[in-house]
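Engineer: This is what each chain is made of:
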Amino acid sequence: MTSTTEARATARTVTGRRRPRRGRLSDGVNWPLTALAAVLALTVLIPLYFTVITALKTPDQLGGSGFEWPTRIRPENFSDAWNLTNFPRALLNSAIVTVGAVVLTILSNSLVAYAIARNLHKRFFKFLYYFFVAALFVPFPIIMLPATKETALLGLDNPAGLFLLYTVYGLSFNVFVYTAFIRSIPMELEEAATMDGATTWGIFRRIIFPLLTPMNATVGILTCLWAWNDFLLPLVILSDPAARTLPLAQYVFQSQFNTNYTVAFASYLMALAPLLLVYLFAQRWVISGVMRGSIK
Amino acid sequence: MFHLKQGPAKALSAALAAALLTSCAAPPAENEVTLDFFQFKPEAVQEFAGLIDEFEAANPGIRVLQNNVPDPDTAIRTLLVKNKTPDVLTLNGNASFGLLAEACVFADLSQEPSAKEVLPAVQDILNANGRCSDTEINGLPMANNASGILYNPEIFAKYGVSAPQTWDELIAAAETFKANGVAPFYMTLKDAWTTSPALVNLAAQLQPDGFFDRLRAAGTDRNNSPVSFSKDYQEVADKLLQLFKYAQPGAVGVDYASGNKAFADGKAAMYLNGSFAVPAIRAANPDAKIASFPYPVTNNPANTTVVSGVDVTLTMGRETPHRAEAQKFVNFLMSKEVIDKYTKNQSAFAPIRSAAPQQDPALQGMASYFTAGRLDGYMDHQLPPSIPLVNITQQFVLDGDKARFLNTLDNEWFKIAARTPKRGDQ
Amino acid sequence: MTHSSKAFYWMAVPALLLFVTLHTIPALTGVFFSLTDYAGYGKWTFVGLENYFSLFKDDRVLSSYSFTFLFAVTTTIIVNVLALAIAMLLNAKIRFQTAFRGIFFIPNVLAILIIGYVFNFIFSNSLPLLGQWAGIEWLSTSILANEDLAWLGIVAVSAWQSIAFSVILYLAGLQTIPADLYEAADLDGAGYWRQFRSITFPMIGAFFTINMVLALKGFLQAFDQIVALTGGGPGTSTESVAMVIFRGGFQGGEYGYQMANSVVYLLVIVAVSVIQLRTLQRKEADF
Numbered sequence: 001m002t003s004t005t006e007a008r009a010t011a012r013t014v015t016g017r018r019r020p021r022r023g024r025l026s027d028g029v030n031w032p033l034t035a036l037a038a039v040l041a042l043t044v045l046i047p048l049y050f051t052v053i054t055a056l057k058t059p060d061q062l063g064g065s066g067f068e069w070p071t072r073i074r075p076e077n078f079s080d081a082w083n084l085t086n087f088p089r090a091l092l093n094s095a096i097v098t099v100g101a102v103v104l105t106i107l108s109n110s111l112v113a114y115a116i117a118r119n120l121h122k123r124f125f126k127f128l129y130y131f132f133v134a135a136l137f138v139p140f141p142i143i144m145l146p147a148t149k150e151t152a153l154l155g156l157d158n159p160a161g162l163f164l165l166y167t168v169y170g171l172s173f174n175v176f177v178y179t180a181f182i183r184s185i186p187m188e189l190e191e192a193a194t195m196d197g198a199t200t201w202g203i204f205r206r207i208i209f210p211l212l213t214p215m216n217a218t219v220g221i222l223t224c225l226w227a228w229n230d231f232l233l234p235l236v237i238l239s240d241p242a243a244r245t246l247p248l249a250q251y252v253f254q255s256q257f258n259t260n261y262t263v264a265f266a267s268y269l270m271a272l273a274p275l276l277l278v279y280l281f282a283q284r285w286v287i288s289g290v291m292r293g294s295i296k
Numbered sequence: 001m002f003h004l005k006q007g008p009a010k011a012l013s014a015a016l017a018a019a020l021l022t023s024c025a026a027p028p029a030e031n032e033v034t035l036d037f038f039q040f041k042p043e044a045v046q047e048f049a050g051l052i053d054e055f056e057a058a059n060p061g062i063r064v065l066q067n068n069v070p071d072p073d074t075a076i077r078t079l080l081v082k083n084k085t086p087d088v089l090t091l092n093g094n095a096s097f098g099l100l101a102e103a104c105v106f107a108d109l110s111q112e113p114s115a116k117e118v119l120p121a122v123q124d125i126l127n128a129n130g131r132c133s134d135t136e137i138n139g140l141p142m143a144n145n146a147s148g149i150l151y152n153p154e155i156f157a158k159y160g161v162s163a164p165q166t167w168d169e170l171i172a173a174a175e176t177f178k179a180n181g182v183a184p185f186y187m188t189l190k191d192a193w194t195t196s197p198a199l200v201n202l203a204a205q206l207q208p209d210g211f212f213d214r215l216r217a218a219g220t221d222r223n224n225s226p227v228s229f230s231k232d233y234q235e236v237a238d239k240l241l242q243l244f245k246y247a248q249p250g251a252v253g254v255d256y257a258s259g260n261k262a263f264a265d266g267k268a269a270m271y272l273n274g275s276f277a278v279p280a281i282r283a284a285n286p287d288a289k290i291a292s293f294p295y296p297v298t299n300n301p302a303n304t305t306v307v308s309g310v311d312v313t314l315t316m317g318r319e320t321p322h323r324a325e326a327q328k329f330v331n332f333l334m335s336k337e338v339i340d341k342y343t344k345n346q347s348a349f350a351p352i353r354s355a356a357p358q359q360d361p362a363l364q365g366m367a368s369y370f371t372a373g374r375l376d377g378y379m380d381h382q383l384p385p386s387i388p389l390v391n392i393t394q395q396f397v398l399d400g401d402k403a404r405f406l407n408t409l410d411n412e413w414f415k416i417a418a419r420t421p422k423r424g425d426q
Numbered sequence: 001m002t003h004s005s006k007a008f009y010w011m012a013v014p015a016l017l018l019f020v021t022l023h024t025i026p027a028l029t030g031v032f033f034s035l036t037d038y039a040g041y042g043k044w045t046f047v048g049l050e051n052y053f054s055l056f057k058d059d060r061v062l063s064s065y066s067f068t069f070l071f072a073v074t075t076t077i078i079v080n081v082l083a084l085a086i087a088m089l090l091n092a093k094i095r096f097q098t099a100f101r102g103i104f105f106i107p108n109v110l111a112i113l114i115i116g117y118v119f120n121f122i123f124s125n126s127l128p129l130l131g132q133w134a135g136i137e138w139l140s141t142s143i144l145a146n147e148d149l150a151w152l153g154i155v156a157v158s159a160w161q162s163i164a165f166s167v168i169l170y171l172a173g174l175q176t177i178p179a180d181l182y183e184a185a186d187l188d189g190a191g192y193w194r195q196f197r198s199i200t201f202p203m204i205g206a207f208f209t210i211n212m213v214l215a216l217k218g219f220l221q222a223f224d225q226i227v228a229l230t231g232g233g234p235g236t237s238t239e240s241v242a243m244v245i246f247r248g249g250f251q252g253g254e255y256g257y258q259m260a261n262s263v264v265y266l267l268v269i270v271a272v273s274v275i276q277l278r279t280l281q282r283k284e285a286d287f
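Heads up: the sequence lines are chains A, B and C, in that order.
Here our numbering is used: position 116 in the first sequence is 116, and no number is missing along the way.
Here our numbering is used: position 274 in the second sequence is 274, and no number is missing along the way.
Here our numbering is used: position 176 in the third sequence is 176, and no number is missing along the way.
Each hint should be verified, as a subset may be incorrect.
What the hints assert, rightly or not - Listed next, the stretches of chain A that the computed footprint assigns to chain C, with coverage defined by at least 3 CB atoms under 8 Å from CB atoms of chain C:
no., segment
1, 48-60
2, 132-140
Said to hold, decoys possible - Just some of the chain B residues that point at chain A, by a computed CB distance under 7 Å:
no., residue
3, 43
4, 46
5, 49
6, 67
7, 70
8, 82
9, 206
10, 208
11, 276
12, 277
13, 282
14, 283
15, 284
16, 285
17, 321
The hints are simulated quantities; they were obtained by calculation from the structure and are not laboratory data.
Because the structure is a prediction, the values reported are computed rather than measured.
Using N, Cα and C, we set each Cβ at its ideal position, and we do this for glycine too.
Go ahead and model the full structure; you've got the sequences and the hints to work with.
Structural biologist: Here you go:
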């Protein structure tokens with residue numbers, strides 16, 4: 001951990017003297033920064049407000065400055081959206097694909113990255129690393145049609161096949177970040193466990209995997225985002241209309257000459273809520289996990 | 001050995017189980033045939049659901065599963081790649097459909113009883129987009145649109161203007177409105193495709209006969225081609241620019257949705273869109289006053305035609321295993337009762353001989369042209385869809401550079417001719 | 001580690017097999033089709049490198065590359081600078097931390113239809129009103145309808161939408177910096193900037209590199225937001241490479257030709273990313 005010691009050294013030598021603490025409000029809340037965060041938050045809240053009021057309007061109320069409060073609120077936009085997209089079904093499909101993708105990804109990709117990270121000195125694993133990461137740069141159009149045909153042939157054109165694809169395609173990015181993270185975990189822990197007779201699998205399960213919590217949370221959030229909002233992969237892979245995920249089902253509002261914005265917005269807001277909740281829940285683990293890991 | 005922790009294990013098995021369950025649909029009953037019906041129009045889903053109920057009631061033993069596909073252009077291609085061509089399909093009768101038809105993906109419908117009921121002018125336009133061979137019919141038109149000029153009859157009456165029959169009258173009308181402070185046209189230049197309706201109407205009436213056939217015959221020989229955009233579209237370009245000079249201030253940033261609202265609220269006299277925009281305009285303002293007339297492109301009213309395309313083309317997969325049942329369904333959908341009901345509800349024109357008269361006041365201005373067969377196809381259905389025609393046209397309307405516009409069209413056309421090798425079916 | 005290297009092979013090889021089956025083989029197939037005139041359906045013939053030669057003669061393709069580059073580089077820089085700043089902000093002792101973290105995440109989960117509509121509206125109506133009131137000429141009409149400025153509008157919206165992704169990664173990185181480093185620096189009286197330059201930045205160096213490379217790669221492949229905001233217009237001034245590939249290859253029926261475009265695209269992305277990676281890792285080492 002050379003960069004840590006270097007940084008420590010830098011902190012030490014900034015000034016030779018010790019001065020009493022000043023300036024940083026270490027115990028209280030940093031109010032100037034909070035205010036800044038609030039101002040920045042406006043750039044998000046204003047468009048969000050726009051979205052919400054549009055979801056409450058009728059099409060003839062659209063226009064004007066866009067920010068006017070609806071003259072007549074139409075809560076039926078939400079029930080219309082519910083019916084038109086067959087929301088419960090689509091939600092279930094999206095949930096299956098997303099949960100499957102997240103769980104399978106976190107379990108499998110970390111494992112693969114562990115194997116690679118601990119063996120980069122071996123040619124095979126070094127090749128594996130570059131092989132997986134290189135695929136990050138392959139644009140999706142190249143694989144789109146051939147993958148479509150192949151998954152249909154292999155009987156993978158269903159939700160299970162879909163979350164398998166997310167897991168496999170996710171290997172590129174996840175191996176990249178997991179490996180970087182694992183390499184920062186010192187080997188001493190594993191060496192000690194080996195001397196106590198642990199197997200490699202056991203070491204992964206009991207030592208490495210728990211330490212990966214912040215990365216698991218990060219990868220989990222990113223995979224969740226990807227799988228939940230993705231349109232193209234479900235479009236080309238899924239054959240059965242009953243298996244459609246939310247983004248596909250929500251396409252029903254867009255026709256060539258007439259887009260039903262108000263109901264569409266209601267629908268998208270409903271689809272947004274679960275994702276936001278998951279994120280708020282999971283992002284705590286990104287922080288808490290690291291605190292555990294850094295206290296050694 | 002490595003085994004999953006409790007929580008994730010449960011979640012994963014639940015997900016797997018659910019996935020497998022959702023992958024299995026209810027198995028069909030004995031001897032029951034299920035037709036896979038690819039339906040591309042989201043706003044027609046309820047309509048078709050009702051029609052399917054009718055059909056299934058009259059035909060026990062046949063089930064029809066409507067599949068309203070997101071992004072139909074991409075979806076149909078992935079279905080073809082998977083060898084899962086649907087049994088019955090509806091598609092927009094455009095160049096994309098033509099390409100698929102040429103590749104012999106669709107069945108030959110020329111022997112169907114309903115094929116004889118179709119207006120010849122409409123069938124010709126659809127066939128011109130492309131078909132497997134010169135004797136086949138690969139698509140039957142269920143509903144047509146008509147691209148003309150929509151106008152607000154109240155504003156016209158207020159200023160004593162009647163529907164123009166010649167080009168000069170159209171320009172004079174525009175001048176009258178302008179002089180009285182009313183926007184003659186509401187232009188929506190932010191959305192590139194809205195420059196297209198005017199272009200296709202001008203082109204239909206002004207381009208030389210057989211323009212595209214002769215262009216295709218010239219192959220890659222640009223210099224010796226008897227026809228070209230630069231040679232033959234001069235007047236089209238001039239008149240297009242002339243029309244767009246009457247755009248309201250700020251038209252550059254206005255999009256189609258805002259345009260519909262503005263026209264619906266009576267902010268302009270005329271609107272360069274066709275029957276396809278009527279439902280959207282009415283949604284923006286249920287009290288909108290709409291009427292229509294065809295583009296009077298020349299000063300000779302006898303030359304005036306309406307540009308019409310097949311909004312909903314009905315066809316069958318070529319290798320469908322349920323041919324007899326699919327034929328039944330197709331003929332059912334092409335029956336007079338169904339077409340009359342559908343076109344009335346969707347503000348479209350019925351492309352069959354025995355069609356009920358057009359009742360919608362917004363569309364009556366073009367109805368007689370339709371029934372008399374005074375129709376032309378969309379010229380952009382003859383262009384390879386990979387040419388960004390709408391963007392090129394929008395560029396022209398914005399900068400007025402006629403030479404660049406026509407040159408770009410020729411450029412793109414011959415570039416594609418050069419890189420499309422001679423295939424047997426082209 | 002010499003123990004049980006067999007276990008490591010068992011961990012990695014099944015994934016490799018799946019990956020080759022589901023990714024590599026389709027990729028090679030796609031590359032193969034770039035040597036044909038396949039339309040995605042129907043008959044096709046082998047045409048060798050002809051598609052590639054046609055590519056370099058196609059001015060629409062070439063200008064899409066130059067626009068895409070301009071857009072991607074600008075957006076990458078903006079996103080990374082802002083994301084780092086926001087991550088540091090969210091990491092500090094501010095009130096309502098969780099709420100803010102949730103709020104800043106929202107742009108990333110909003111559907112593209114919403115973003116397209118909302119920002120189109122804002123750019124076409126709200127901002128021009130502001131511009132007219134303030135007397136700023138170029139802001140008085142819709143930026144997205146201005147051939148020279150439309151790309152800036154797209155940059156702004158893309159940045160707005162993607163910052164959350166980078167923020168998540170930077171947050172994870174910032175978490176790895178032990179708090180006692182800052183406390184020690186505080187005791188020694190180091191100012192904020194000094195601490196940033198000497199502690200924060202070096203420690204998250206790896207995350208910075210990752211973010212920059214991924215961001216550039218992602219923005220080079222921009223498609224959805226451009227379609228939603230300008231559709232490639234005005235004219236063809238904001239057409240990205242991905243857009244040309246999708247429109248020409250799938251809707252336009254020139255699949256083989258656009259596969260050749262995709263292969264060239266792949267090579268360009270790889271080259272750019274490798275250069276970027278080398279440069280940034282060298283800077284990392286300098287620290």
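Engineer: Verify the interface restraint on residue 284(B): the C-beta must sit less than 7 Å from at least one C-beta of chain A.
Structural biologist: Constraint on residue 284(B) satisfied, holds at 6 Å.
Engineer: Count the residues of the segment 132-140 of chain A whose Cβ falls closer than 8 Å to any Cβ of chain C, and tell me whether that reaches three.
Structural biologist: holds (count 8)
Engineer: For the hint on residue 67(B), does the least C-beta distance to chain A fall short of 7 Å?
Structural biologist: Hint holds; residue 67(B) Cβ to chain A Cβ min 5 Å, cut 7 Å.
Engineer: At a threshold of 7 Å, is the proposed contact between residue 208(B) and chain A supported by beta-carbon distances?
Structural biologist: 30 Å, violated
Engineer: Is the hint on residue 283(B) kept, meaning its closest Cβ partner in chain A is under 7 Å away?
Structural biologist: Holds. Min distance 5 Å.
Engineer: Take the shortest C-beta to C-beta distance between residue 46(B) and chain A; is it under 7 Å?
Structural biologist: Given a least distance of 9 Å, the restraint on residue 46(B) is violated.
Engineer: Take the shortest C-beta to C-beta distance between residue 82(B) and chain A; is it under 7 Å?
Structural biologist: 4 Å, holds
Engineer: Any CB of chain A closer than 7 Å to the CB of residue 321(B)?
Structural biologist: 16 Å, violated
Engineer: Quick check on the hint: residue 282(B) CB to chain A CB, less than 7 Å?
Structural biologist: 10 Å, violated
Engineer: Given a cut of 7 Å on the nearest C-beta pair, is the interface hint for residue 276(B) held or broken against chain A?
Structural biologist: 5 Å, holds
Engineer: Hey, does the residue 285(B) contact hint survive, CB to chain A under 7 Å?
Structural biologist: 5 Å, holds
Engineer: Quick check: the segment 48-60 of chain A, covered by chain C? Criterion 3+ residues, Cβ under 8 Å.
Structural biologist: holds (count 4)
Checked against the numbered hints given earlier, the structure breaks hints 4, 5, 9, 10, 13 and 17 and satisfies all the rest.
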